[in-house]
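Chemist: Sequence:
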Amino acid sequence: MKLQRGQKPWQGVFRGHMEVFLFILKTAGIILLIILGLFLAFAALLLFVPVRYRAEGSLPEEGRPKAYIRFTWLLRLVSFRAEYAEGLHMTVRVAGIRVRPEKWKKSGPPKTAGSQVPREPVPAGSGPVSSGPGPVPADSGPVSPGSGPVSPEPGPASSGSLPVSGAEESQNGLGKKGLVLLKNKLSGLLRGLRDGKRTLEGFMDRGKRIWTAAARYLRILTEEESQRLLRMIWEQGKKLLFHLMPKKISADLTVGAGDPAVTGNVLAVHGILYPWIGDTVHIVPDFDEERLCGEFCMSGRIRACTVLYHILRVVLDKRTWIFIRRLKKEELTNG
Numbered sequence: 001m002k003l004q005r006g007q008k009p010w011q012g013v014f015r016g017h018m019e020v021f022l023f024i025l026k027t028a029g030i031i032l033l034i035i036l037g038l039f040l041a042f043a044a045l046l047l048f049v050p051v052r053y054r055a056e057g058s059l060p061e062e063g064r065p066k067a068y069i070r071f072t073w074l075l076r077l078v079s080f081r082a083e084y085a086e087g088l089h090m091t092v093r094v095a096g097i098r099v100r101p102e103k104w105k106k107s108g109p110p111k112t113a114g115s116q117v118p119r120e121p122v123p124a125g126s127g128p129v130s131s132g133p134g135p136v137p138a139d140s141g142p143v144s145p146g147s148g149p150v151s152p153e154p155g156p157a158s159s160g161s162l163p164v165s166g167a168e169e170s171q172n173g174l175g176k177k178g179l180v181l182l183k184n185k186l187s188g189l190l191r192g193l194r195d196g197k198r199t200l201e202g203f204m205d206r207g208k209r210i211w212t213a214a215a216r217y218l219r220i221l222t223e224e225e226s227q228r229l230l231r232m233i234w235e236q237g238k239k240l241l242f243h244l245m246p247k248k249i250s251a252d253l254t255v256g257a258g259d260p261a262v263t264g265n266v267l268a269v270h271g272i273l274y275p276w277i278g279d280t281v282h283i284v285p286d287f288d289e290e291r292l293c294g295e296f297c298m299s300g301r302i303r304a305c306t307v308l309y310h311i312l313r314v315v316l317d318k319r320t321w322i323f324i325r326r327l328k329k330e331e332l333t334n335g
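Here our numbering is used: the first residue of the sequence shown is 1, the next is one more, and so on.
Derived from the structure by calculation, the hints contain no laboratory data.
Certain hints may be false.
Within a straight-line C-alpha distance of at most 25 Å, the following computed DSS-like cross-link-like pairs (lysine-lysine) qualify [claimed, not checked]:
id	residue 1	residue 2
1	Lys197	Lys183
2	Lys318	Lys328
3	Lys238	Lys318
Computed Cβ-Cβ distance ranges for the label pairs, DEER-style [to be verified]:
id	residue 1	residue 2	range
4	Trp211	Val281	43 to 49 Å
5	Ile69	Leu312	25 to 31 Å
6	Phe71	Asp259	39 to 45 Å
All residues carry an ideal CB built from backbone N, CA and C; glycine is no exception.
Let the sequences and hints guide you as you build the complete structure.
Modeler: Written as structure tokens, this is what we have:
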């Protein structure tokens, strides 16, 4: 680095260090701007690119019903498919690559009905176990043929005891047992009555508390400010439900109830709903047999920014938090 006229050497060194520092800051700023731009682009894709769904199914006259539903995002870059035919199979693909197989393979050989638990090996020194009588231990002495348990000899009766017959003794024992059983049953009955009384009192107290709390909350909900909040939540909920509903629906069904009157009622309900469903649902009646078969198809889209907008309209409203704080205060006050 060449020094200018009248410039000191330390000033030239400082200038060189500043140029390096500014170059590093410039490079770091460019990298941060690129990262921020990528993040904003990804957030915009998540918010504004809709998730499309499509569901199809068929009800055959013989056999099991078949149906599937598929969700795709960003020109099928990410897709999820759930199909029901012989069983439920789910598949997730990212850029055409399956990230979750339909059936997880089980590790290990399958178990059979005749499989047995392997036995432990017998040690080499142990002999075969015989089921018959074994050898007599050495320390056991000879047994005499007439030996047996020695019973004590009856001694002379004590001078103070009186003879009691067996019938009187059995009667006294039965009487005492009957009294004990009756006493136990009476005590158990009294205990059950006391427990039932406590349980009934507990239920009555709980019901009284629930009724009091319901009356308090009902009084809060019937106020004008709460009614405005509930109307706003209802409006946002209806708009969100309308956004989530399928935009295209088509069904071609053959319906037969086996009774002409019931089949006529089904057609009457279809006629009542015709202003809303139009020609999307076509029903062919069968007045002779009991049948239900046909095919259906529906499709729609879900945009994350729309769902988030309706949720935030409720969450960020000042009246919502005032209502929540009032409910908490009411709960703490009256518990």
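Chemist: To test your reading of the hints: which numbers does this structure violate?
Modeler: No hint contradicted; all consistent.
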